[in-house]
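As you go down the protein sequences, you meet chains A and B in turn. Take the first sequence: its position 64, counted from the start at 1, is 64 in the working numbering, and no numbers get skipped. Take the second sequence: its position 62, counted from the start at 1, is 62 in the working numbering, and no numbers get skipped.
These are computed hints drawn from the structure, not numbers from a lab. Note that beta-carbon positions come from the ideal geometry of N, C-alpha and C, so glycine has one too. Please note that a few of the clues may not be correct.
Interface residues of chain B toward chain A, partial, derived using beta-carbon atoms under 8 Å [to be verified]:
{"id": "1", "residue": "46"}
{"id": "2", "residue": "49"}
{"id": "3", "residue": "100"}
{"id": "4", "residue": "101"}
{"id": "5", "residue": "102"}
Simulated restraints on C-beta separations [to be verified]:
{"id": "6", "chain 1": "B", "residue 1": "5", "chain 2": "A", "residue 2": "72", "range": "32 to 42 Å"}
{"id": "7", "chain 1": "B", "residue 1": "45", "chain 2": "A", "residue 2": "16", "range": "33 to 43 Å"}
{"id": "8", "chain 1": "B", "residue 1": "2", "chain 2": "A", "residue 2": "96", "range": "18 to 28 Å"}
{"id": "9", "chain 1": "A", "residue 1": "73", "chain 2": "B", "residue 2": "82", "range": "30 to 40 Å"}
{"id": "10", "chain 1": "A", "residue 1": "10", "chain 2": "B", "residue 2": "70", "range": "43 to 53 Å"}
{"id": "11", "chain 1": "B", "residue 1": "64", "chain 2": "A", "residue 2": "83", "range": "34 to 44 Å"}
{"id": "12", "chain 1": "B", "residue 1": "27", "chain 2": "A", "residue 2": "11", "range": "31 to 41 Å"}
{"id": "13", "chain 1": "A", "residue 1": "15", "chain 2": "B", "residue 2": "55", "range": "40 to 50 Å"}
{"id": "14", "chain 1": "A", "residue 1": "54", "chain 2": "B", "residue 2": "29", "range": "21 to 31 Å"}
{"id": "15", "chain 1": "B", "residue 1": "88", "chain 2": "A", "residue 2": "54", "range": "21 to 31 Å"}
{"id": "16", "chain 1": "B", "residue 1": "15", "chain 2": "A", "residue 2": "72", "range": "43 to 53 Å"}
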Amino acid sequence: EPEVTQTPSHQVTQMGQEVILRCVPISNHLYFYWYRQILGQKVEFLVSFYNNEISEKSEIFDDQFSVERPDGSNFTLKIRSTKLEDSAMYFCASSDYGGPREQYFGPGTRLTVT
Amino acid sequence: AQSVSQHNHHVILSEAASLELGCNYSYGGTVNLFWYVQYPGQHLQLLLKYFSGDPLVKGIKGFEAEFIKSKFSFNLRKPSVQWSDTAEYFCAVNFGGSQGNLIFGKGTKLSVKP
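Could you put together the complete structure from these sequences and hints?
What follows is the structure, encoded as structure tokens:
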């Protein structure tokens, strides 16, 4: 069964550094998402992406965040200057269509900012 | 603001007990409803979903959920749990008009004692 994959599984970085989290969505999917979960809190939507554009973003997704689909398979989340409060599990998801469709989630990247 | 509430943080049951996990959302318009499950060490995966039609939906592994519009609820049920149902369960809602992003509840950890 096709899966969403994410790398790395765990990233440790110092405050102020840039990080790039990588995701490979399911190959025939067209809609891509990033979510995050701070320890002990809810899974929160960050951004959705379709046709090389951001479709929707939450208020969490400020100017320090960006997303990109640099090639036909990868989908990346960049955090320009990490803060301690960016420490969280980041989940990538994809779906074949937008709107109310099942989203397939990756295993997550645990980001620790020290 | 749109929100999703799960009432139980941690539920402990013995095998063969019946399960009901509560989920409520705060929105009077069109919603699309999901339950996801995360088994230890695994991805979030879809248990079941409701878009329209029969408000009683059946999912995988013997789970079902009932959409009660008047109560803004989408409770998850299983008549007889097994040890293998030990996992964290997340209710998620796609609120009408959005591009597909999911608003998650905080999750309920289910522990089933053999």
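Do the hints match the structure? See the list:
{"no.": "1", "hint": "46", "verdict": "holds (5 Å)"}
{"no.": "2", "hint": "49", "verdict": "holds (6 Å)"}
{"no.": "3", "hint": "100", "verdict": "holds (5 Å)"}
{"no.": "4", "hint": "101", "verdict": "holds (4 Å)"}
{"no.": "5", "hint": "102", "verdict": "holds (6 Å)"}
{"no.": "6", "hint": "B:5 / A:72: 32 to 42 Å", "verdict": "holds (40 Å)"}
{"no.": "7", "hint": "B:45 / A:16: 33 to 43 Å", "verdict": "holds (36 Å)"}
{"no.": "8", "hint": "B:2 / A:96: 18 to 28 Å", "verdict": "holds (24 Å)"}
{"no.": "9", "hint": "A:73 / B:82: 30 to 40 Å", "verdict": "holds (38 Å)"}
{"no.": "10", "hint": "A:10 / B:70: 43 to 53 Å", "verdict": "holds (45 Å)"}
{"no.": "11", "hint": "B:64 / A:83: 34 to 44 Å", "verdict": "holds (42 Å)"}
{"no.": "12", "hint": "B:27 / A:11: 31 to 41 Å", "verdict": "holds (35 Å)"}
{"no.": "13", "hint": "A:15 / B:55: 40 to 50 Å", "verdict": "holds (48 Å)"}
{"no.": "14", "hint": "A:54 / B:29: 21 to 31 Å", "verdict": "holds (24 Å)"}
{"no.": "15", "hint": "B:88 / A:54: 21 to 31 Å", "verdict": "holds (29 Å)"}
{"no.": "16", "hint": "B:15 / A:72: 43 to 53 Å", "verdict": "holds (47 Å)"}
The earlier numbered hints are all upheld by this structure, with none contradicted.
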